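Residues per chain are reported as follows:
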Amino acid sequence: MITHRMKLFQLGLVLTFIAIGSILFYVGKGHDLILENKLITIGPVTYKAAPSIKLIIDDQKAIPVNSGFANKAFVVGASHSLKAQILDDAGAVIKVIEKKFKLSLHNSFLISMPALVANDPKWIKEI
Amino acid sequence: MTTKNLQLKKLLTLDNAAHLLMRNTVPILFILISAMAIPLSEFSFSYLSQELMTRLIRNSFLVLSLLIPIIAGMGLNFGMVLGAMAGQVGLIFVTDWNIVGMPGVFLAMIISTPLAILLGLICGIILNKASGKEMVTGFVLAFFAQGVYQLVVLYGMGAIIPIERLTLVLSRGYGIRNTVNLIGIRSSLDSAISFDLGPVPIPVVTLFIIALFCLFVVWFRKTKLGQDMKAIGQDMHVAEAAGIRVLRTRIISIIISTVLACWGQIIYLQNMGTLNTYNSHEQIGMFSIAALLVGGATVSKAQISHVFVGVILFHLMFIVSPMAGKNLIGSAMLGEYFRGFVTYGVISAALVVHAWTRFKTNQRQRQHLRGN
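From first to last, the protein sequence lines are chains A and B. In this text, residue positions in the first sequence follow the working numbering: the first is 1, and each later residue adds one. In this text, residue positions in the second sequence follow the working numbering: the first is 128, and each later residue adds one.
It should be emphasised that the hints constitute simulated quantities derived from the structure, not laboratory data. Quantities reported herein were computed from a predicted structural model and do not represent experimental measurements. Hints should not be assumed to be uniformly reliable.
Straight-line alpha carbon distances no greater than 30 Å define the calculated BS3-like cross-link-like pairs of lysine-lysine that follow [stated by the list, open to error]:
#: 1; chain 1: A; residue 1: LYS83; chain 2: A; residue 2: LYS54
#: 2; chain 1: A; residue 1: LYS54; chain 2: A; residue 2: LYS102
#: 3; chain 1: B; residue 1: LYS357; chain 2: A; residue 2: LYS7
#: 4; chain 1: B; residue 1: LYS453; chain 2: B; residue 2: LYS351
#: 5; chain 1: A; residue 1: LYS7; chain 2: A; residue 2: LYS38
#: 6; chain 1: B; residue 1: LYS428; chain 2: B; residue 2: LYS357
#: 7; chain 1: B; residue 1: LYS487; chain 2: A; residue 2: LYS7
#: 8; chain 1: A; residue 1: LYS7; chain 2: B; residue 2: LYS256
#: 9; chain 1: A; residue 1: LYS99; chain 2: A; residue 2: LYS125
#: 10; chain 1: A; residue 1: LYS125; chain 2: A; residue 2: LYS100
#: 11; chain 1: A; residue 1: LYS7; chain 2: B; residue 2: LYS349
#: 12; chain 1: A; residue 1: LYS7; chain 2: A; residue 2: LYS48
Looking at chain A on its own, in the form it has when it is part of the complex:
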């Protein structure tokens, strides 16, 4: 015979599993990031492609994104940090931009380097 207490325990167990499942989903969700260094128009403003950039996301290896090209990165979880090193023609670092960002549960995102360099709030968007 299933008692009231037993029913409550079972309900609690189901809710716990749902909660753990949600946490695992949030923590383990992988995202593809498209890192694009091309001309972009956001609203009335057009940003030209930035010079060559080296992008370090979290503690991953630096990803080079040359002017007019795009590259790809993969991250897991919601909160991340980004370090963009803007290089001159000789390859010397002329500017460093550091940002922290949070991702939604969407699969893929586009990071626009020109918008990032110009500090436009729409430098990252879902695709």
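Chain A is fixed; fit chain B onto it per the hints.
For chain B alone, kept in the frame of chain A given last:
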């Protein structure tokens, strides 16, 4: 008197030895064949150890899931394939949602558990209706479940059940592809914490989970439910007369086995890194049962030690037999045939021995009642 005592002792020891030999015929046979096949295969010790460790962590959990129905007297649970199917459905969803690493493995377990419970419940109810013929019923039930699984995965997924990833779906727009790449969760359990013991990598987390499962089995045997199952396994009618809810307990044993088989299949596939959508679960039941029988278990009696001895001996045979066949006769195919022969042969031999023992026991009991 002293001489007579000594002779009696000697006889008893010989009798014991013969009994021990009879009980462990299959493992002894496998040890002998492996002892001959290992030198013929020319594999190095380090290669064999590495392969054995990989297969031990890959298969142990699945084989352990067979223990509980044996305690409850339901024989070898061929219905474990249903649990494996549930695990695969969980893995398909996790891959579609792009959940990677250990969270992906555990989320797949959480998603597939309710499905495994439901399948275990259905399986248990059906097996209760086929009392005394559980194994063959479970075997046929696995075939039926295969049809339902194909219907859901081949026609339902992508059409009714939303699947976002185009790489998972067949080019026609619905149905899951033949092979699913589990790169996101590949070896995530095995490589989480590991160290090398000589040439052999030791995956601590997976071994810890297997050890936890062994402790669970030991603890479970001592619980009220475990004791009830033991009583049912010995005699269903006596257990019923003693007030044990036999049918309910038998269903619980199958549910537990199905859920554990589901988790075992997820551990197995995260180690493999690839899911053969329509084949991965098919052989699991056969191979796990054969491994358990090779370890010295019977249809009515199995221990944790049988699992590990069985997995080691059975997979040792799997590793060495193709190369031994090739080196001996020049054809690796012979070794492959031998593997198939051994797998199915061991299962059928165990079933025949079990039926024969039961027949003999019944015959002896009848004679006893007649007063002969």
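Verification of the hints:
1. Pair hint LYS83 (chain A) plus LYS54 (chain A) holds up; C-alpha atoms about 8 Å apart against a cutoff of 30 Å.
2. For the hint linking LYS54 (chain A) to LYS102 (chain A), the alpha-carbon distance of about 20 Å falls within 30 Å, and the restraint holds.
3. Between the alpha carbons of LYS357 (chain B) and LYS7 (chain A) the distance comes to roughly 27 Å, so the proposed pair stays at or under 30 Å and holds.
4. Between LYS453 (chain B) and LYS351 (chain B) the alpha-carbon distance is near 53 Å, which puts this suggested pair outside the 30 Å criterion.
5. For the hint pairing LYS7 (chain A) with LYS38 (chain A), the CA-to-CA distance comes to about 59 Å; that exceeds 30 Å, so the pair is violated.
6. Proximity of LYS428 (chain B) to LYS357 (chain B) is assessed by CA-CA distance (about 10 Å); at most 30 Å being required, the pair is judged to hold.
7. With a C-alpha separation of about 47 Å, the suggested pairing of LYS487 (chain B) with LYS7 (chain A) is violated against the 30 Å cut-off.
8. Distance check on the hinted pair: LYS7 (chain A) and LYS256 (chain B) sit about 28 Å apart at the alpha-carbon level, within 30 Å; holds.
9. Our distance criterion of 30 Å between C-alpha atoms is met by LYS99 (chain A) and LYS125 (chain A), whose separation comes to about 15 Å.
10. At most 30 Å may separate the alpha-carbon atoms for a hinted pair to count; LYS125 (chain A) and LYS100 (chain A) meet this at roughly 15 Å.
11. Between the alpha carbons of LYS7 (chain A) and LYS349 (chain B) the distance comes to roughly 25 Å, so the proposed pair stays at or under 30 Å and holds.
12. Between LYS7 (chain A) and LYS48 (chain A) the CA atoms are separated by roughly 63 Å; this puts the pair beyond 30 Å, and the hint is violated.
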